Structures are given as C-alpha cells and as structure tokens.
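Participant: Here the protein sequences line up with chains A and B, keeping their order.
With the first letter of the first sequence counted as 1, position 50 gets the number 50 in my numbering; the numbers rise by one all the way through.
Here my numbering = 1-based position in the second sequence + 1000.
Just so you know, the hints here were simulated from the structure itself, not pulled from any lab data.
Worth double-checking, as some hints may not be accurate.
Claimed, not checked - List of simulated lysine to any residue pairs, SDA-like, C-alpha gap at most 20 Å:
id, chain 1, residue 1, chain 2, residue 2
1, A, Lys238, A, Ala283
2, B, Lys1060, B, Asp1011
3, B, Lys1052, B, Lys1089
4, A, Lys219, B, Arg1227
5, B, Lys1009, B, Thr1029
6, A, Lys273, A, Arg240
7, A, Lys133, B, Ala1135
8, A, Lys219, B, Ala1230
9, A, Lys238, B, Gly1141
10, B, Lys1166, B, Leu1143
11, B, Lys1281, B, Pro1293
12, A, Lys133, B, Gly1141
13, A, Lys219, B, Gly1197
14, B, Lys1166, A, Arg240
15, B, Lys1166, A, Phe221
16, B, Lys1009, B, Trp1296
17, A, Lys133, B, Gln1276
18, B, Lys1089, B, Arg1065
19, B, Lys1166, A, Gly241
20, B, Lys1009, B, Phe1181
21, B, Lys1060, B, Pro1100
22, B, Lys1064, B, Phe1025
23, A, Lys133, A, Pro174
24, B, Lys1166, A, Glu127
25, A, Lys219, B, Asp1218
26, B, Lys1234, A, Arg234
27, B, Lys1234, A, Gly241
28, B, Lys1166, A, Arg173
Just so we're clear, the structure is a prediction, and the values are computed from it rather than from any experiment.
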Amino acid sequence: MPFTGDHRIDFDRFGQLIDFHLRHGADALALPMHAAESVSLSEDEKRGVLAFAIERVRGRVPMIAHVSNAGTAIAAQLARDAQAAGAAAVVATTPYYWTPPQTMLLEHFVQIGAAVDLPLFVDNAPEEMAGTKVTTELVLKLIAELPNFAGVVDLSLDWQFMIELMTEAPRRRPDFQLLSGTEHMVSAGAIGATGMFSSLAAIAPRLVRRLYELCREQKFFAARPVQEAVAALRQVSKSRGPAGLKAALRIMGRDCGEPRPPLLPLDGSPYEKLAAELAALPALRDEPRGW
Amino acid sequence: MQSPVTPLKDDFSLDLATFERVLDFHVRTGATAISWPHHKGESLNLTIAERKLFAEAAVKVVAKRIPVTIHVSALAVEDTMELARHAQKIGANGILAITPYFWNPSLEAIDAYFTHLCRSIDLPVLSYNSPSYLAGVEITGELMSRLIQRLPNFVGVKEASFNSEKFLEIARAALALRADFAMLTGVEFLLPSVPLGGVGSYSAAGSICPNLCTQLFDACTAGEWARARALQYKMARLWLLFRDQYPSSLKGGMVIMGRPVGPTRPPLPTASKERQAYIHKELEALGILDTEPHGW
Chain A
1 MPFTGDHRID FDRFGQLIDF HLRHGADALA LPMHAAESVS LSEDEKRGVL AFAIERVRGR
61 VPMIAHVSNA GTAIAAQLAR DAQAAGAAAV VATTPYYWTP PQTMLLEHFV QIGAAVDLPL
121 FVDNAPEEMA GTKVTTELVL KLIAELPNFA GVVDLSLDWQ FMIELMTEAP RRRPDFQLLS
181 GTEHMVSAGA IGATGMFSSL AAIAPRLVRR LYELCREQKF FAARPVQEAV AALRQVSKSR
241 GPAGLKAALR IMGRDCGEPR PPLLPLDGSP YEKLAAELAA LPALRDEPRG W
Chain B
1001 MQSPVTPLKD DFSLDLATFE RVLDFHVRTG ATAISWPHHK GESLNLTIAE RKLFAEAAVK
1061 VVAKRIPVTI HVSALAVEDT MELARHAQKI GANGILAITP YFWNPSLEAI DAYFTHLCRS
1121 IDLPVLSYNS PSYLAGVEIT GELMSRLIQR LPNFVGVKEA SFNSEKFLEI ARAALALRAD
1181 FAMLTGVEFL LPSVPLGGVG SYSAAGSICP NLCTQLFDAC TAGEWARARA LQYKMARLWL
1241 LFRDQYPSSL KGGMVIMGRP VGPTRPPLPT ASKERQAYIH KELEALGILD TEPHGW
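In isolation and in its complexed conformation, chain B is listed as follows (with noise of 0.2 Å):
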C-alpha cells in the first residue's frame, strides 16, 4: 500500500497538480490502497484545511479504482475527529489514527480514544502503533482484545514497533477474535512480518521503487523465502539511504527518478544538489535506475 508524499510547490504551498500526478502514479505501478497523508507526507507540518482538501483530490483522483483512507492523526485530538469525521463524509474507504502524540497517554487513555474515534464515525479504522517514535507508547495485546470486542469498525493496525514480540503479541490477541483483522506494518518490512500473520505494509520508498516493493510482497506472500530475503536485503538498503532525513532523501529521490515533488517544509530539510548526486549514485548501483519507471 502505498502512501503518497506531499508535493509542495518552492514557496512550500500545496501543488495539487503533481499531487493529482502522483496519486495516479501509485494507482498505475501496483498500489493496493492508497493512504495519505503519512508522516512521510508531511502530515504534521499540513493545516488542518490543507489536509482536507487533498483528502478531497486523493479520493477524487483515485476514484474508487483501489480504497483510500485517511490519516487522520493531529497533534490535537479535536483536529483528528475533525477529520476522521470529514474523511467519511467526502467518501473515504477507512481512517488510520496513531495513538496520541505528545502526552504519553495510559491505557485507558488510549482506549477511551479509539473508542470516541471509533463510535463518532461508521468507516473501518485502522489504528497505528508506533512506540519508538511515541516514547514507548503503544496499544497491548491486552487493549487490543477490548478494542476489538467493543468495536464492530476497529478493523486492523499499522503496528510499527517493528519487534518479533509485540507484533505476535498483538497478532496473537487480534486474530483470535476476528481472524480478518488486518495486521499491517510500515516501511516495507514484510519478511519479518507475513509469517507472523501480516498481510500487507505500507510503503516508504514506493514512489522510487513500486516494482520492487510487489515483487517483495508477492515473494513473501507465495513463501518464497529466498527471494524475499534478496528482495528484503535490497529494499533494506534504500530505507538506509531514505530514512535518513526522511521524507526529504525520499523527495530528493523523487528527482532522480523524474518524478519531482518540490522541497521539504522546515523543520525537515529539503535535500541539497550533493545529497541529491549522492542519492543518484546510490540507486544507480542498486539497479533501481534500470528496473523501475522513470517519469510518471
């Protein structure tokens, strides 16, 4: 699943005209479902106003050819009704919602979150557990079945704690009372996840590589063990070069690849012309230059 960056114009206003191009672009190279806006998309750094309407050309431009859901995480939990609420309304397939930012909420704060979320809208919601970033907050196996009981469109998770332990101790806990609970992950890091009940990710480097992000997912699904690996190894080295500055290498990546975004809203750097060289260096000698689409 591929989430799309945030095209920003050199003045940092909204380009919704390569927005429109990317969003094309991901349906066009194999995306299953697209979700914006990510923190790859800059998420934080949008207005309120902003998202809603690129919410708005998300769902226009993909019109139904694969779903679209929206993330809906604000820094204020208000915002985040606010657009969870207006998700549904301009015709969302699903939300996804991390678990608050910044207060280090407890349990019952987190599950009395989802469940406001989840009983003010009737989309499928998908919830979003990111301890490393969140100073070790997450959702529990525990919370995970009480959600899940509760909640008819608590439907799945993006669980980025990118650990053996806890995505089985939520897979565990979920699929045993809903077997079609979507255990998703991020980055791309299928090969540790689908055995474990994974089925899907979303993507970081999608907008470089969307051959190579399905043909890992493909390998991975079919159990072709050998092949993931090589294909995980080689996806692996393009996270080292993006994670770095992320999402701003990935912009700067975006370039070489003749698919240009714009720069990086501050805080986040925009990547220079060296960054930029180096990045082409670096995805020449991965092959990514020879075996995926250039342009849009």
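Just chain A, same shape as in the assembly (with noise of 0.2 Å):
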C-alpha cells in the first residue's frame, strides 16, 4: 500500500500501482492483503481502499477482498462491506493473535462465509500465523457447512497437505479450488493449484506472469528455470518483508513509500544491500523500470 511522507495513504500512487498491474496482466486483483500491510490499516481504510480499488477497476477484471481479523464478527462485518462494495469474492486467513483449535477455526470460517453470497477462499498460512493451520478436515467440514466455501490459498508450499487436500476435497466439491499462496506455483500446479496470488508481480511482472502461463499450460518442466528465478528473487525479498518489497520498488523506479510503523523502512547499508543483490539477478534485466 503506497504512503505518503506521514503514513497517510497515498491513493495517487495506489491508482497508478494498480494501473501497472493491469497492464502487465493480472487477471484478478486481490488486496489489501499482507503485503500491501493490511494488518496496519484500519477498518474504514480497508473499506476506502476496496472501493477506491473497484472503482478504478471498472469490472476489467474480478477484485478478491482480504477481510481477515482478529474477531469473526469483524471479519464477517468487513466481508459484507466487500460484497456491498461490488467485490467478486473474499479471502480470509486464520483469525490473528488467537490460537484457535480447529473447531473454533470453523466457526470463525463459517460466520464471515455465511455472512455474504460471494466465493470465500481461506489461506493456509501456517509460517504467517503463528503455526495455526487449516487442515484437510477442517476443509471438508467447511464444504459441508458452507455452500459458498470455494477453496484453499496454500501458503504452508506442504506437499503432505496439498496432495491429501486434493485427493479428498473435490470428491465432495467438484469445482473446488487450490489456489497457491505464494510464487512457489510449479508443485502446486502440478498437484492441482489453477492460480496464483503474487505480490513479487508488483518487482517482476514479466517473470510471475510468464511462470503462471507456464504452470496454466501443463508446462511443468519448461516452468522449472523460471520457478528457480522467481525462488531467488523470493529469497532476496521474504526475510525483509514489506518494508523490502517496498525497497525494492523504488530500486525498480516505482516508489511506494514507506512501511507504516511498526515495520521499519529499509535504508542505508541494508537498502544498498537489498539492490545489489537485486542487480545480481539476471531474470530482473527484462523487467519494467518507472510506472
């Protein structure tokens, strides 16, 4: 999420971001998520930026709305504000801070996806929630409760979970979907995965979007060497979190801002780091410099 100068939001920038993600070929938005530091946003500014979102969009192409709290009702408050908003679906993860069992972990699933009509996605983000996981059962339970449950965004990259998922949960749901999480999409893809959520197409558009059509087409081997590029500018960029995707967009000439606080921006010696590191990847040469 673009900032200004005092951490307000910069919807100017925020406008021609989503522009450039257009451009370069996304064919669904979803936000604001993790990356776009969500978790640091308030209620009304979520709505905000929904809208503002959908608006620019003008229906070119489907907006999924993150509405992951802490609290279900919030949660389920903020998928209704989305459906009402006009998005298309909505995708929630673990509930924060809390360290649900799985029962308490469907109950909460169950309030914000019967709260709306829209498909509900929920993340499997075990790294990013502390170790809460959804597991396969939980999955089946939802597809039971819910008839507007369509699917997992994997981000736990675990083989065991997405293989055991797929080999139960679309015999009870034919059109159910795993999406990946991350850019890590060539194991997926071949297990099943149909998309992709990236927030490195924000560094390296051409690369993810090549990746995807690749994994789309079945291309699995073809897709390895770009799998191995997209994985190194991955490593580069995970440990720095947003504050380094954000370096790394004004290093590409599209600067963002900074990070809202609590992250810390990345600058100095470690900023000088995080680009000569990114100059050293030859898969970033063909990629878009400036807006």
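Join these two chains into a complex; the hints should help.
Facilitator: Pasting the structure below:
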C-alpha cells in the first residue's frame, strides 16, 4: 500500500499501482493483502481502499477482498461490506493472535462465509500465523457447511497437505479450487492448483506472468528455470517483508513510500545490500523500470 | 526405490527367511534400488549387530540385480560410522544418513558430521533431510553447496521436508554445482518433486502396491501430468491409510496382500485384527486387491 511521507494512504500512487498490475496482465486483484500491510490499515481505510480499487478497475478484472481479522464478527462485517462494494470474492486467514483449535477455526470461517453470497477462500499460512494450520478435515467440514466455500489459498507449500486436500476435497465439491498463495507454483500446479497470488508481480510482472502461464499450460518441466528465477527473487525479498518489497519497488523506479509503523523502512546499508542483490539477478533485466 | 520392512517372528526376533522373500519380491516387481533399514524398517529398534546381519543378507539376496544402499543413521554417531564402514566392507553400493538425531545440531555440526562420514568411506553418500521429524534441523541450500564442493562422494539427498521452497532451495544450490546430484524424496511424493528437478523417491507403500509405484514414476518422468495426478491422489489415499501407526499398519496391510511379515517392535504397536479388517476394506475400495500382486 503506497503511503505518503506522513503515513497517509497515497491514493494517487495506489491508482498508478493498480494500473501497472492490469497493464502487465493481472487476471484478478486481491487486496489489501499482508504484503499491502492490511494489518496496519484501519477498518475504514480497508473499506476505502477496496472501494477505490473497484472504482479504478471498473470491472476489467475481478476483485478479491481480503477480510482477515482477529474477531469473527469484525471479519464477517468486512466481508459484508466487501460484497456491498462490489467485490467478486473474499479471502480470509485464520484469526490473528488467538491460537484457535480447529473447532474455533470452523466457527470463524463459517460465520464469515455465511455473511456473504460471494465465494469464500481460506488462507492456509502456518508460517505467517504462528503455526495455526488449516487441515483437510477442516476444509471438508467447511464444504459441508458453506455452499459458498470455494477453496484454499496455500502458503504452507506443504506437499502432504496439498495432495491430501486435492485427493479429498474435489470428491465432495467438484469445483473446489486450490490456489497457490505464493509464487511457488510449480509443485502446487502439478498437484492441481489453478491460480496464484503474487506480491512479487509488483517487482517482476513478466517473470511471474511467464511462470503462471507455463503452469496453467501444464508445462512443468519448462517452468522449472522460471520457477528457479522467481525463487531467487523471493529469497532476496522474503526475509525483509513489506519494507523490502517497498525498497525493491523504489529500486525498480516505482516508489510507493515507506511502510507504516511498526515496520521500519529499509534504508542505509541494508537498502544498498538489497539493491546489490537485485542487480545480481539476471531475471530482473527484462522487467519494467518506472511506471 | 524400495525400502523393505523388517520381518519379525512372533517373539520379535529377526525373520531372515521372510526378509529374503521381501527383498526378492521388490526386485521382481520393479524396484530400481533397495535401501534398508529406513525408519519404516524399524531401524532405530534394531541392534547394530542385527542391522549388520540383515545388511549382509540384503547385499547377498539382491546380488547386484539393482543397487543396494544401507541406511546407517543411528542415535550414536559412533554407531553410524561403524555401520558405514560395514556397508563398504560387505559390498553395498552406497549409504544413506540423516542429520544427527536428538541434539539439534547446528549447521556447523551437521557440516562436520557429513564431512567426517564421507571421508571415512569411499562409497557414495546420500544425505537425508527431514526437518519435520527432527525438530526443524535441516540442511540448507548453502550448507549443501559447501558439502558438495568439498566431498566428491556426497552424491545426493533424500529431501523429506515435503515443502516446495525447501526442496527447490536445495535443488538450486546442488544442481548448479553438480548436474547429476540426486534429488530424491520420500513417501512417493513424485508429482511435486519431479518438476523441480527430482529424479526419484523412496516408497512407503511399495510392499503393498509396486505396480502403482512404477506407474506413478513413469507418468511423472514422462510429464503426463493428468495421469500422474490421478495416480498420486490414489497413492495419497494409501499414505493416509498407512502413515497412521507407520509402519505397523503397513505390516498389517501386507497380511492382506498375502505377504505376512510378523509384528512390529515396541514402542510401535502391531496392527490389530480390527485394524487389518479396516485396511482390507480400504484396499478393496481402492482396487488394490485387483491390480497388485497377491502373495510372494
């Protein structure tokens, strides 16, 4: 999420960023995700960001609204608001902070899903969510309880989970979808994932798009070198979080400001180090600079 | 590649005659290599003397028809070294060794361990990376690079994190230095690993369904992804059946397939009659009873 120097949302830049993604082939937008510092936005800001994006996109691609929250009722309300604003689907992680058992997770997701008629996608992101996992068993219960439960966005990268999920879930709901929540799409795609959420597309849209297309065409052997290049980029950016993403965007000529507190900006020698690491990635040479 | 179970008599002593039958069964039904004793072979519940005895039997029975590697991981590193030297002495084709158990070794300690192991023998050494079973202890891509550069007989890894990012991190590091470094995985997770540079897998359910193993391997390496997916999903249902009380349920399943191999040593349980009946029902539902060999 682009911010001004005094940490307000920079809607001009945000509009520019949306246009950039559409120009480079995004099939859908999902926002505001963690990479967009969703957790640092107020509820009103989240609604404002979504409304702005839907207005800007004007139906050219579907909009997936990210409605994660710690409180179930707050998340359900965000989902309702997203539907009213014209979102095409909603996506939610396991609740923040609480360390919920699977029964609590079921209740959380059922209430969010029941609040809307839109497809609900659920994130499985144990690394980001302090170890809380979405299990196959939970998914099967969600299929039984929610007609609009559409699929899982996987950030676990866990083969065992994904294979088990795709062995069991589509037998109950044939149009169940596994989506890759990161740019590690080759294994997920071989297992049956049909889509990918990408934050790195802001840095390297051509590379990410090429990877996605090869995976969609089931050309997994041809996708391997592209996946390796994406993995190299991911390795450079991952540990630095949204601050690193923003620093990388500045290096690519698409300045989106600094992250909001509590995240600290990447500057000084860490910034120089990131710049050097990005410069050493051959795959970035063909990527667009500036807007 | 198949890693045989360890047949036991009712008093839990080793059953050599049945072990010979298991080995021969795997060779005849399409195994590309034999590796023994994996955790599934109850390695840690066998004495070092027992492990040597059966290692000798494995080399003798397989008789160079396919390669035999010996899994030498033991709680004490001294025992591991002893098993490695023994494997070389008896004519095994290589060894497999996991990162050390229990102590949560640092990367430096893992480095020293594999360096010592590789320099103790002339055989090819396969490493074994299994962070989810070893409290997060793992070989990083960077450590893999160092080991490959230093040790000519460090030839591959059983990468059992079962995680896209970790597998690719190691594959990228290793294959850049040595194109024929063997990126292997476990269970039968070929569908997600082959596209990332994987060349094979050890098998969990091979003593039940060798035909399915071969079909899955062929589909993945030929890039027939729709077929590979269907086969991998079928294999996953078997893994769900057997990973519970592994390898007890596997031994229970072998009874159903007409290849009984006896009980499982404590603390692992032995599959009860009820459990066997459940396994029978599941194998029947999956069509395994009609498509896989019965008896030896």
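Participant: Run every hint past the structure and note whether it holds.
Facilitator: Here is what the structure says about each hint:
no. : hint                  : verdict
1   : A/Lys238 / A/Ala283   : holds (17 Å)
2   : B/Lys1060 / B/Asp1011 : violated (25 Å)
3   : B/Lys1052 / B/Lys1089 : holds (11 Å)
4   : A/Lys219 / B/Arg1227  : holds (14 Å)
5   : B/Lys1009 / B/Thr1029 : violated (24 Å)
6   : A/Lys273 / A/Arg240   : holds (12 Å)
7   : A/Lys133 / B/Ala1135  : holds (18 Å)
8   : A/Lys219 / B/Ala1230  : holds (17 Å)
9   : A/Lys238 / B/Gly1141  : holds (16 Å)
10  : B/Lys1166 / B/Leu1143 : holds (13 Å)
11  : B/Lys1281 / B/Pro1293 : holds (17 Å)
12  : A/Lys133 / B/Gly1141  : violated (26 Å)
13  : A/Lys219 / B/Gly1197  : holds (14 Å)
14  : B/Lys1166 / A/Arg240  : holds (18 Å)
15  : B/Lys1166 / A/Phe221  : holds (18 Å)
16  : B/Lys1009 / B/Trp1296 : holds (17 Å)
17  : A/Lys133 / B/Gln1276  : violated (31 Å)
18  : B/Lys1089 / B/Arg1065 : holds (19 Å)
19  : B/Lys1166 / A/Gly241  : holds (19 Å)
20  : B/Lys1009 / B/Phe1181 : violated (39 Å)
21  : B/Lys1060 / B/Pro1100 : violated (29 Å)
22  : B/Lys1064 / B/Phe1025 : holds (15 Å)
23  : A/Lys133 / A/Pro174   : violated (23 Å)
24  : B/Lys1166 / A/Glu127  : holds (13 Å)
25  : A/Lys219 / B/Asp1218  : holds (17 Å)
26  : B/Lys1234 / A/Arg234  : violated (33 Å)
27  : B/Lys1234 / A/Gly241  : violated (38 Å)
28  : B/Lys1166 / A/Arg173  : violated (31 Å)
Violated hints, listed in ascending order, are 2, 5, 12, 17, 20, 21, 23, 26, 27 and 28; each of the other numbered hints is respected by the structure.
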